[in-house]
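S.K.: These are the residues of each chain, in order.
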Amino acid sequence: MTRPQGDPRWTSQLERIRSDATVTRRDYLRILVTISGGLVVGALAVVAGVFPRRTGTTGAKKVADAIAPGESVAFAYPGPDDRAVAIRLASGVLVAYSSICTHLSCAVLWNREQGELLCPCHDGRFSSSTGEVLAGPPPRPLPVIDLEERPDGIFAVRARVR
Amino acid sequence: MSGVPARRRLRQGASGPGPGAGVDRDPEHTAAVVARIALVATIVVGQLWALTIALNAYFAERMTTVRWLVAFQVVSFLLAFGLWLLAPRDR
Numbered sequence: 001m002t003r004p005q006g007d008p009r010w011t012s013q014l015e016r017i018r019s020d021a022t023v024t025r026r027d028y029l030r031i032l033v034t035i036s037g038g039l040v041v042g043a044l045a046v047v048a049g050v051f052p053r054r055t056g057t058t059g060a061k062k063v064a065d066a067i068a069p070g071e072s073v074a075f076a077y078p079g080p081d082d083r084a085v086a087i088r089l090a091s092g093v094l095v096a097y098s099s100i101c102t103h104l105s106c107a108v109l110w111n112r113e114q115g116e117l118l119c120p121c122h123d124g125r126f127s128s129s130t131g132e133v134l135a136g137p138p139p140r141p142l143p144v145i146d147l148e149e150r151p152d153g154i155f156a157v158r159a160r161v162r
Numbered sequence: 001m002s003g004v005p006a007r008r009r010l011r012q013g014a015s016g017p018g019p020g021a022g023v024d025r026d027p028e029h030t031a032a033v034v035a036r037i038a039l040v041a042t043i044v045v046g047q048l049w050a051l052t053i054a055l056n057a058y059f060a061e062r063m064t065t066v067r068w069l070v071a072f073q074v075v076s077f078l079l080a081f082g083l084w085l086l087a088p089r090d091r
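If you read the sequences in order, they're chains A and B. Just so we're aligned: the first sequence equals residues 1 to 162 in the numbering used here. Just so we're aligned: the second sequence equals residues 1 to 91 in the numbering used here.
It is worth saying that the hints were derived from the structure and are not from the lab. Cβ coordinates follow ideal geometry from the N, Cα and C atoms, glycine included. There may be inaccurate statements among the hints.
Stated by the list, open to error - Among the chain B residues that face chain A by a calculated CB cut under 8 angstroms, a handful are:
id	residue
1	Val45
2	Gln47
3	Ile53
4	Ala60
5	Phe81
6	Leu86
Turn these sequences into a full structure, and let the hints guide you.
M.R.: Dropping the structure here:
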């Protein structure tokens, strides 16, 4: 809402609010409506994409030439700070997940012996075949990185939050 | 009391607010404003909830949900704004 500069009604209201004068019930109502407007601005900022989202795609990025069964390769996708891990499971299936724990952002490691992804900070465990939480405090599954096997190597193509 | 000067007795008797001070002179007006405050506060709580859900949906790339929640926020604000406009004036 815009008010012309120098409007005596508007100026006196501002002066009263800024001073130590008693806050009236109507002032409370005005403050609440202002907060309500601020929340609308916040929601518009969300839908406008002001907050960076570490998902989506930044194009295909080569992860490795090949990964042997039981082996893993660390890489970054979609951004250079978005650590991820690609794993060739014993069954031959190729999977990749963000290696940032959904609990407190510690590094998640591939535990070949147990066939699980392990966060050593608080003993969070994730399924290597789905990325779902198996045990520990992580509240959400690991974001999935979609991979494509091409003749010239393995490529990350998209990151997805579930 | 007879030893107290007459001027002091008068001051003691006249100190403090007069009868009826602090009492609502227009309780219906007050009730209308308080009811609107309660309604707008409830709307703001709903908006806070919607914002958290919208952020979650945004990070999960559920943009349809985000758009619905933004529409909810706008409607909520318009309701709150309308209640403010309709509230009786204090002075």
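S.K.: Grab the minimum C-beta distance from Gln47 of chain B to chain A and call the hint holds if it beats 8 angstroms, violated otherwise.
M.R.: Check passed: Cβ of Gln47 of chain B comes within 4 angstroms of chain A, closer than 8 angstroms.
S.K.: How about Leu86 of chain B: closest beta carbon in chain A under 8 angstroms, or not?
M.R.: violated, 10 angstroms
S.K.: Holds or violated: the hint that Ala60 of chain B contacts chain A, with Cβ atoms closer than 8 angstroms.
M.R.: holds, 5 angstroms
S.K.: Under the criterion of a CB-CB separation shorter than 8 angstroms, is Phe81 of chain B in contact with chain A as hinted?
M.R.: This interface hint holds because 6 angstroms falls under the 8 angstroms limit.
S.K.: Can you verify the interface hint for Ile53 of chain B: is its Cβ closer than 8 angstroms to any Cβ in chain A?
M.R.: violated, 10 angstroms
S.K.: Hint check: is the beta carbon of Val45 of chain B less than 8 angstroms from a beta carbon of chain A?
M.R.: violated, 10 angstroms
The earlier numbered hints that this structure contradicts are 1, 3, 6.
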